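Participant: Please construct the entire structure, taking both the sequences and the accompanying hints into account.
Protein chains in written order, with full-length UniProt numbering: chain D, 1 to 294; chain F, 1 to 294.
Check each hint, because a few of them may be wrong.
Identical chains share a label here; the pair holds if one copy fits it or two copies do between them.
Using 27 Å as the maximum straight-line C-alpha spacing, the simulated DSSO-like pairs for lysine-lysine come out as follows [as the list claims (entries may be wrong)]:
| # | residue 1 | residue 2 |
| --- | --- | --- |
| 1 | Lys227 | Lys261 |
| 2 | Lys207 | Lys31 |
| 3 | Lys31 | Lys46 |
| 4 | Lys207 | Lys195 |
| 5 | Lys46 | Lys96 |
| 6 | Lys207 | Lys193 |
| 7 | Lys31 | Lys227 |
| 8 | Lys227 | Lys207 |
| 9 | Lys128 | Lys195 |
| 10 | Lys279 | Lys193 |
| 11 | Lys195 | Lys279 |
| 12 | Lys227 | Lys193 |
| 13 | Lys96 | Lys167 |
Please keep in mind that the hints were generated in silico from the structure rather than gathered at the bench.
Since the model is a prediction, treat every value here as computed from it, not as a measurement.
Protein chains: 2
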Amino acid sequence: MDAHEKGFFTEENSVEVVTSRNATATDQRLKRVMEVVTRKLHEAVKELEPTQEEWMEAILFLTRTGHTCNEWRQEFILLSDVLGVSMLVDAINNRKPSGASESTVLGPFHVADAPELPMGANICLDQKGEDMVIGGHILGTDGRPIANAVIDVWQANDEGFYDVQQKGIQPDFNLRGVFRTGADGRYWFRAVKPKYYPIPDDGPVGKLLGALGRHPYRPAHLHYIIKAHGFETLTTHIFDPDDPYIHSDAVFGVKESLLAKFQQVEDPVRANELGFLGKFWQVEHDFVLARPEE
Amino acid sequence: MDAHEKGFFTEENSVEVVTSRNATATDQRLKRVMEVVTRKLHEAVKELEPTQEEWMEAILFLTRTGHTCNEWRQEFILLSDVLGVSMLVDAINNRKPSGASESTVLGPFHVADAPELPMGANICLDQKGEDMVIGGHILGTDGRPIANAVIDVWQANDEGFYDVQQKGIQPDFNLRGVFRTGADGRYWFRAVKPKYYPIPDDGPVGKLLGALGRHPYRPAHLHYIIKAHGFETLTTHIFDPDDPYIHSDAVFGVKESLLAKFQQVEDPVRANELGFLGKFWQVEHDFVLARPEE
Numbered sequence: 001m002d003a004h005e006k007g008f009f010t011e012e013n014s015v016e017v018v019t020s021r022n023a024t025a026t027d028q029r030l031k032r033v034m035e036v037v038t039r040k041l042h043e044a045v046k047e048l049e050p051t052q053e054e055w056m057e058a059i060l061f062l063t064r065t066g067h068t069c070n071e072w073r074q075e076f077i078l079l080s081d082v083l084g085v086s087m088l089v090d091a092i093n094n095r096k097p098s099g100a101s102e103s104t105v106l107g108p109f110h111v112a113d114a115p116e117l118p119m120g121a122n123i124c125l126d127q128k129g130e131d132m133v134i135g136g137h138i139l140g141t142d143g144r145p146i147a148n149a150v151i152d153v154w155q156a157n158d159e160g161f162y163d164v165q166q167k168g169i170q171p172d173f174n175l176r177g178v179f180r181t182g183a184d185g186r187y188w189f190r191a192v193k194p195k196y197y198p199i200p201d202d203g204p205v206g207k208l209l210g211a212l213g214r215h216p217y218r219p220a221h222l223h224y225i226i227k228a229h230g231f232e233t234l235t236t237h238i239f240d241p242d243d244p245y246i247h248s249d250a251v252f253g254v255k256e257s258l259l260a261k262f263q264q265v266e267d268p269v270r271a272n273e274l275g276f277l278g279k280f281w282q283v284e285h286d287f288v289l290a291r292p293e294e
Numbered sequence: 001m002d003a004h005e006k007g008f009f010t011e012e013n014s015v016e017v018v019t020s021r022n023a024t025a026t027d028q029r030l031k032r033v034m035e036v037v038t039r040k041l042h043e044a045v046k047e048l049e050p051t052q053e054e055w056m057e058a059i060l061f062l063t064r065t066g067h068t069c070n071e072w073r074q075e076f077i078l079l080s081d082v083l084g085v086s087m088l089v090d091a092i093n094n095r096k097p098s099g100a101s102e103s104t105v106l107g108p109f110h111v112a113d114a115p116e117l118p119m120g121a122n123i124c125l126d127q128k129g130e131d132m133v134i135g136g137h138i139l140g141t142d143g144r145p146i147a148n149a150v151i152d153v154w155q156a157n158d159e160g161f162y163d164v165q166q167k168g169i170q171p172d173f174n175l176r177g178v179f180r181t182g183a184d185g186r187y188w189f190r191a192v193k194p195k196y197y198p199i200p201d202d203g204p205v206g207k208l209l210g211a212l213g214r215h216p217y218r219p220a221h222l223h224y225i226i227k228a229h230g231f232e233t234l235t236t237h238i239f240d241p242d243d244p245y246i247h248s249d250a251v252f253g254v255k256e257s258l259l260a261k262f263q264q265v266e267d268p269v270r271a272n273e274l275g276f277l278g279k280f281w282q283v284e285h286d287f288v289l290a291r292p293e294e
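Facilitator: So this is what it looks like as structure tokens:
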């Protein structure tokens, strides 16, 4: 037997020695995952040649990241987000046919039981922020309107906070709502102009961003989950293209097709109709859903 | 501007978009580390195409691993160990000139303040296990003995436990000792034959090993740190080549050159000299230290 047959580890055969131990694994997918993870980890180590001290720094970084996770904080998801891994997994799982709206990350602020509201309702419950009216159509890739599409929308307020981050300050379910389209596929509702906000940056991931010279901000956006019978569910955002962070979203969620137009409107008659007091923002944005077979 | 210039993320340009954010990092080594880590992570994701559920499983595995770490348990080091990463980092940092003894992992059971003992002392303080006498020389690569070499040795007992794992059961500093060579470079001490033992396998890493069909055992070994003025410090083990797990060390620590000969001796006169009652084990093993300039 040579060193390889004996299973002894060397720099040269490190990947084969480690992955060959999984020969009898019954879960073929897990075996494959660990084969790739081991190979890529070893490739990274061989390319970087970390010192023992650097290796220990990495161990302690992962440990601090784990210790920062609790019931309401998921620092490993944040790490995945800032390294573009979350967006990559999203992209791979949501390759859309031509013409369909693109997806982006769900984020941690969705709430399952937001109230269903009549079309046109104002989801801003505390009258804070700059008024905004948002509308558009839910369409198939054939351009036909989709009836009974369910639009679940949520957004941060004008200071960059979601209701769940400011319990007792914002009303429950502030800036959240569920709407259902009629035969024309049209949706519309009233809200406030959202603002950019930082991801939680007081933990190990925030410190890493700081050490890399990166800011923690996400450009202003509204979140959507759009469901309709016979169509693939779409989880996405629309973004304000004039946001200062539009080209440097800390979690890489921006796509060209997700830029909406935020138009400022000065029209007292229309404002009055909408229950607004002065200038307001207007966004028109259609969403196109793909069918599973497309 | 095309999508790339705008910094918008796509499957194709994911690595470049993420790593270009670190352009202004002042710590060049950290920048390089994150460039390689990001690239290898994205390569792994692109090769595996994980589902959202698999991604979440990975997040939760890392979270559980972090939550298992505490003052006396380091589950991320264990993860690094079972994936061969610890041994790879050790190998990269301890490339030895021809003829020098090879290193292996330190492990978590070293204690800094073990007592210095007179040459020949018995480090077994509780008379449990099969008697063993171990000796050899500390040499330079030129074959000359090294005087004043300090040999820090520690081992598990005949049931596979270190003293620090059985406080109150084993005496403090059981099976540990520090010896110093004379002009002849010779060392020797008495001990007991060590036994294979499992790495801690009641946490996420143990569960992963189980799911991969891997056992958690390390073959029987003694640990050494050998220091001498003018030479590189050597952190290593010697292993029992007849151990049932010698070809499948859970942490990949075995190297061909670290196999010692554990000979059973039946010699009443010699046993009597050593203070042993019957048959005993004998190990002769030389260690060769490299100079930094070699």
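Participant: For which of the previously enumerated hints does the structure constitute a violation, in increasing order of number?
Facilitator: Numbers 6, 7, 8, 13, in rising order.
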